[in-house]
Structure formats: structure tokens, C-alpha cells
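Generate coordinates for the entire structure from the input sequences, incorporating the hints supplied.
Protein sequences, first through last, are from chains A and B. Using this note's numbering, the first residue of the first sequence is number 1, and each one after it goes up by one. Using this note's numbering, the first residue of the second sequence is number 1, and each one after it goes up by one.
Heads up, none of these hints are tricks.
Where chain B lies over chain A, by a calculated footprint (3+ residues, C-beta under 8 Å): (1) 2 to 13; (2) 57 to 66; (3) 74 to 87.
Simulated from the structure, these hints should not be mistaken for lab results. The beta carbon of each residue, even a glycine, is placed where N, CA and C say it ideally should be.
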Amino acid sequence: MRIKVKAFAIFREILGGESEVELMDGSTVKDLLEFLSEQHADLRNVVFDVSGYASENVFLMRNRTRLDRRKDLLLVLHEGDEMAIFSPMAGG
Amino acid sequence: MKVMKWQYFPQWQGVKFLIEITEKDFSIDEVILNAKQEDVGAIVIFLGIVRNDGITSMEVESYRMAAISELECIRDEAMGKFGLRRVDIIHRVGSLNVGDNIALIVCSAPHRKMAFEGCSFILEELKSRVPIWKKEISEEGARWVGL
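Rendered as C-alpha cells:
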């Protein structure tokens with residue numbers, strides 16, 4: 001299945017702005033992060049903390065809805081999903 | 001009075017509230033003029049500008065559609081919570097210099113307390129919930145705010 005990945009702020013600098021990745025059916029949010037970490041060496045240390053969870057500096061959205069960086073790591077993705085990955089927000 | 005308002009700014013005719021993410025600068029006067037209504041007794045504005053912390057410029061980036069959705073949610077929450085009559089929010093993106101406008105929040109309410117509290121609420125929620133990022137550029141390098 002194809003997943004659209006949108007990266008912002010520091011993650012845009014690592015991953016590029018927008019890309020599409022091919023994952024096996026049934027893949028989860030964590031699978032996507034693992035896949036991206038394999039493609040981009042700089043990413044793993046930023047994305048995962050020492051316990052293997054998404055680090056507190058990682059924010060995730062699936063189809064523009066915020067995900068919990070711990071509870072939703074095992075959420076199964078679907079064909080055409082748009083996943084956004086970004087660092088802490090700082091508008092205003 | 002209302003007729004005069006739309007004659008001055010026909011591009012906003014029919015727009016009930018303004019939520020905008022734009023590369024262009026904005027006119028505070030225009031937004032305030034549109035915020036004036038007969039049942040409004042207080043308008044509080046927050047204007048965020050680029051502060052000189054030894055930086056040369058700032059890059060502002062957004063996840064546009066998600067940011068607009070979140071701003072609309074925050075606006076609706078604030079209107080319900082504080083009894084605001086109208087909320088307008090503009091946030092700039094792109095390359096900004098020291099002194100440039102970054103963000104404008106205009107809260108209209110019957111009374112000042114509602115307008116002050118509503119504006120403060122919106123600003124704090126914006127900072128923590130809306131996917132917008134700022135990168136400060138200085139002669140020493142660059143850093144993402146919040147990291």
C-alpha cells in the first residue's frame with residue numbers, strides 16, 4: 001500500500017517535504033517510522049527514544065488528525081493515508 | 001455603517017470570520033473595522049512580531065490545511081467558552097525580518113474581560129496545537145524554536 005508522508009520543520013530537513021512510500025498491507029505507524037529510519041540514517045535518533053517509543057519531540061498526524069505518540073504507534077495504516085511528522089509547534 | 005464597511009473591503013463580503021495563513025502582510029485596521037458590530041463593546045488584539053534576539057531573520061512554516069482546521073477548532077472553543085462574538089486570526093508564513101508581523105488575533109466580545117481572556121486562550125492554544133513552526137536565522141546558524 002502507498003502512504004503519503006509529509007514532513008515539516010526539522011523532519012522536512014531530514015526527509016524532504018513530501019514523499020510517498022510503499023509499505024506492506026497491515027503496516028503500522030511504527031512500521032512506517034522504522035521504514036523511514038532505515039532510509040534516512042539521521043532520523044532514528046530523533047524519532048525514537050531509548051525505550052523504542054516515539055520521542056517527545058515527534059508529533060504525528062494521520063489524515064490531519066493528531067496521533068498519540070505512544071498509544072497510536074500500533075495503529076494500522078491504510079492505502080492512501082496521509083501521515084505527517086513534525087517537531088513541537090511554535091506558532092504565534 | 002455596515003454598508004460602508006463592505007464598500008471599503010468588498011473582498012471580505014460574506015466572510016463571517018477570517019482564518020488565514022498567508023505569506024502577505026496584513027492590515028490590522030481592516031480586520032478591526034470588520035470586527036466592529038453593534039453588540040460588541042470590546043475588541044482585544046494580539047499582534048506577534050519578530051523580536052530581535054540576535055537573529056537576522058525568521059522562517060515560518062505551516063502544515064496549511066491542518067493548521068486552518070485546528071485554528072477553526074480553537075476559534076469555536078473560544079467563542080463558546082468566553083462568549084466571543086467574533087474571532088479573526090491571521091498567521092504569516094515565509095521569510096520574515098525583525099519587526100515584521102507574524103500573527104494577529106482579534107477577539108470581539110460584549111465586554112472586555114471576555115475579549116481579554118478569549119484572546120489569551122486562543123494564543124496559548126495556537127502555540128501548542130497549531131502545526132506552525134518558526135526557524136530563527138542568525139549569523140551563528142539556525143535553530144527551530146521549541147526544539
